[in-house]
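A.B. asks: Chains as they are written, first to last, in numbering that gives the first Met the number 0: chain A, 0 to 501; chain B, 0 to 235.
Hints listed in this document are in silico derivations from the structure and should not be mistaken for laboratory results. It is possible that part of the hints are untrue.
[Unchecked claim] Here are the simulated DSS-like pairs of lysine-lysine, each with C-alpha atoms no more than 30 Å apart in a straight line: (1) B:K104 to A:K111; (2) A:K113 to B:K105; (3) A:K189 to A:K358; (4) A:K81 to B:K203; (5) B:K203 to A:K69; (6) B:K136 to A:K50; (7) B:K192 to A:K81; (8) A:K56 to B:K19.
[Unchecked claim] What follows is a list of derived Cβ distance ranges for each label pair: (9) A:Q289 to B:G153: 24 to 32 Å; (10) A:E105 to B:E140: 49 to 57 Å; (11) A:S37 to B:S15: 55 to 63 Å; (12) A:R124 to B:S15: 33 to 41 Å; (13) A:E287 to B:E162: 47 to 55 Å; (14) A:K81 to B:S15: 25 to 33 Å; (15) A:N158 to B:Q154: 51 to 59 Å; (16) A:S322 to B:E140: 34 to 42 Å.
Glycine included, every Cβ here is placed at the ideal spot set by N, Cα and C.
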Amino acid sequence: MNKNIVQAELNQIIENAFLISEDIGQEIELIISDGIESPLSSEEAIRLLTKVTKTLKNSDFVSQDSVAAKNLELQVGEFVEKLISERSNSPYVDEDPINESVVNLEEYNGIKPKQVKPVPYFHSRPVKMMSGYVDTRDINLWSDNDRLEIHIAQFIFDNGRNPDSDELLSIMLSTMPLAGISDKNGDQFKIADLARSIAINGVRKPPIIDINGDLLDGNRRIAACNYILHSDEFTTEEKQRARKVFVWQLTQFADEDEKRAVVVSLNFEPDHKLEWPKYIKAKKIFEEWQHILGLESPPPGPQRAAHLKRELSKKYALGPDASHVNRFLRMIDWANDFKEHHIDNNNNNPFEVEHRTEKVFEYFDELSRGKGSGGVAYAINQDDSLKKTVFDLLYDGKFKRWSQIRLLKHFDDEMIEGLRKARETDDLNDAQEIVDMSLTDARNRQRESRVVGANPRIRQFVSWLEALPISAFRDDISDENLDALLRALTLVEKQISEKENE
Amino acid sequence: MVGFTTGLDEKKRPDSAMRKKMQQKIKLEAAAGNPKGMFELLYKGFFLDGLVNWLRSSFQSLSNDEIDDVVSQSILILYEKLRLGESIYEPYAYLRKTARNLSIKKYDENMLVNGLKNYHKSNMIQDDANYLNQRDKLKSEALSIAKSFLPKLGQHNVQLVMEYIFDAIERNVDDVSNREIADALSLSVDVVKQSKSRGFRRLKRTAESEGYHLDFDYTNKLNAINHQDDEGDNNE
């Protein structure tokens, strides 16, 4: 075929492709506005509406559909006149508000819409509801949620109006640039974490919507579903799971009091939900990891192990990378050492040891850090007796806070001695004080050794020695240390003598 | 629901939420086999008035009667699709695009008839048939060329989205919304928008590199729709 003709047709095809897929939302707005501004005259309206009615009525498609055909059993002229009259005489209203159910519950996965039974109570009153599936995107986020109070106020200040559904979602997903909220805030409403959980488990607690699809409870859950649909982090299957959500919907008969009861009950009263202890979660991860390793033959190399850990992380909704898994595995390793010491070495009751382990589990995160020289883990692993001392102190609750663990990296003989003394001290407050001082002093000593040279150190030591009471030489300083001090002073005397002879 | 009077009260004009609800109701009525209800809503929402005005200004060579025909046919097509359960996300957009396509066909027919009006009637019928046959072949060839550009459009999502749109052309579909594409390909609407924008830009460049000059200028529309930079485009 002639190339020019083909080119013209190709041009047409691509133009059509663009036009059929074009977003014309703004154009539709203009069309409707124009229709309101410049409505058809009566004559034009009669002509158009008559033609439309006759086209519908006479079509094979409608005449073969008994329901539709019955629907169009009317006098065309009468119907058209009535329609025009209704529109021009009365303001536009929803003619049938009672039966309005703009967001319809759907059947999905074999689950049909039905009444929620028993009738749920909210703030001491029964509120009838229907349950079923809706498309996530048909649900309107709730703008009166107190979580969003400041953000909404900020938006109104900036834009002079309330945010629409898309803008509300943007606020929930922390992607709306608002003055006073910096990038450092990150995912303010923790939507990403919730999304990861939903991707695996689905939405477990049904959000509650009203008849129009406006949310009364579940802003974060719906925002999280939208996050899944928009994010590249999730698989097709996970997106499918987020596309339809099981909800409870107020009936068209629900009044404002019932709506308020739902909101107060679910958003102001505490739900008393208690999270699983981190120790229990970490044990689950550890056991699963052992199981995975058991299935791998030969044992996985670093890359394969990293991949397996990422999969494990996703499985437990910990995120797309393996950092949480790695952290939990390290903590469990230390926890196992801790338990072994107390059960095998100290003969403590194993159940008591488990409870203690759970209680101090967060400390193992700090203990496991710094495998390289200068780190906490490195320091403790250098000296087995130090490790045991630390474990004993942990068991007895003699560390006041986990941040003290970081100071263990400054270990020296004095610090170790101090910690041992704390271990032997029965009084808890005294023991905690000794631990605190030992660690702080060790840190200070190391600071001095980095910053201060020989002269200041000697000056400091001499001042300290001269201030020491005589009785300390007899009662507090060990023979070993006295011998060491004498050796050092003898060395000093020798050096002075040689210098004088020069 | 908010009431408003014809063309007078700006504060009470339907906002986007109200338009969304209206369209949902239109879909419900049609799905339930109530063409009358669907049609009433289209008229009461002032959409039909606006659509007629738009068609008159865009296709000035069509008579009022022809425009009424186009609108009637468009409404019937919309009703059929919704009644058969097809996914039409935005009836207003669907109607507007369908009406546009029908108007173009009407315009083409008028041109053909005017051009051939001196022919003998029997020749006209035969030439019509030949013409249509030729047009089908031409369309098929042009579509095949367009699809051959797809592998050169880069990212997988871009190719998928553009292929979906070309398939819709092949099936003579009048409207393909972002949401429909997103659902069919399990992508987000944002990804679809971005892929479309990149796809059309790259399509034009690819066609020109193959020796085809496309004079349909949609770049301004693409710039208006998608303000984001097309990352990667400038590096190609």
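A.B. asks: Run every hint past the structure and note whether it holds.
C.D. replies: Now for the hints, and whether the structure bears them out:
Distance restraint check for K104 (chain B) and K111 (chain A): the Cα-Cα separation of roughly 44 Å exceeds the 30 Å cut-off, and the hinted pair is therefore not satisfied. Simply put, K113 (chain A) and K105 (chain B) have alpha-carbon atoms about 49 Å apart, too far for the 30 Å limit, and the pair is violated. Simply put, K189 (chain A) and K358 (chain A) have alpha-carbon atoms about 26 Å apart, close enough for the 30 Å limit, and the pair holds. Between the alpha carbons of K81 (chain A) and K203 (chain B) the distance comes to roughly 51 Å, so the proposed pair goes past 30 Å and is violated.
For a cut-off of 30 Å, the pair hint linking K203 (chain B) to K69 (chain A) is broken: about 51 Å separates their Cα positions. Distance check on the hinted pair: K136 (chain B) and K50 (chain A) sit about 35 Å apart at the alpha-carbon level, beyond 30 Å; violated. The suggested pairing of K192 (chain B) with K81 (chain A) is violated, with an alpha-carbon distance near 43 Å, which exceeds 30 Å. In summary, the hint linking K56 (chain A) to K19 (chain B) is supported, as the alpha carbons are separated by about 27 Å, within the 30 Å threshold.
The hinted window of 24 to 32 Å between Q289 (chain A) and G153 (chain B) is violated, with their beta carbons roughly 44 Å apart. At roughly 43 Å, the beta-carbon separation of E105 (chain A) and E140 (chain B) lies outside the given 49 to 57 Å, and the hint is violated. A hinted range of 55 to 63 Å is violated for the C-beta pair S37 (chain A) and S15 (chain B), which are about 21 Å apart. With their beta carbons about 34 Å apart, R124 (chain A) and S15 (chain B) fall inside the hinted range of 33 to 41 Å.
Range check, E287 (chain A) to E162 (chain B): about 41 Å between beta-carbon atoms, so the 47 to 55 Å window is missed. The beta-carbon spacing between K81 (chain A) and S15 (chain B), approximately 30 Å, falls within the hinted interval of 25 to 33 Å. At about 34 Å, the CB distance of N158 (chain A) to Q154 (chain B) disagrees with the hint of 51 to 59 Å. Between S322 (chain A) and E140 (chain B) the beta carbons are some 55 Å apart, a value that contradicts the proposed interval 34 to 42 Å.
Checked against the numbered hints above, the structure breaks hints 1, 2, 4, 5, 6, 7, 9, 10, 11, 13, 15, 16 and satisfies the rest.
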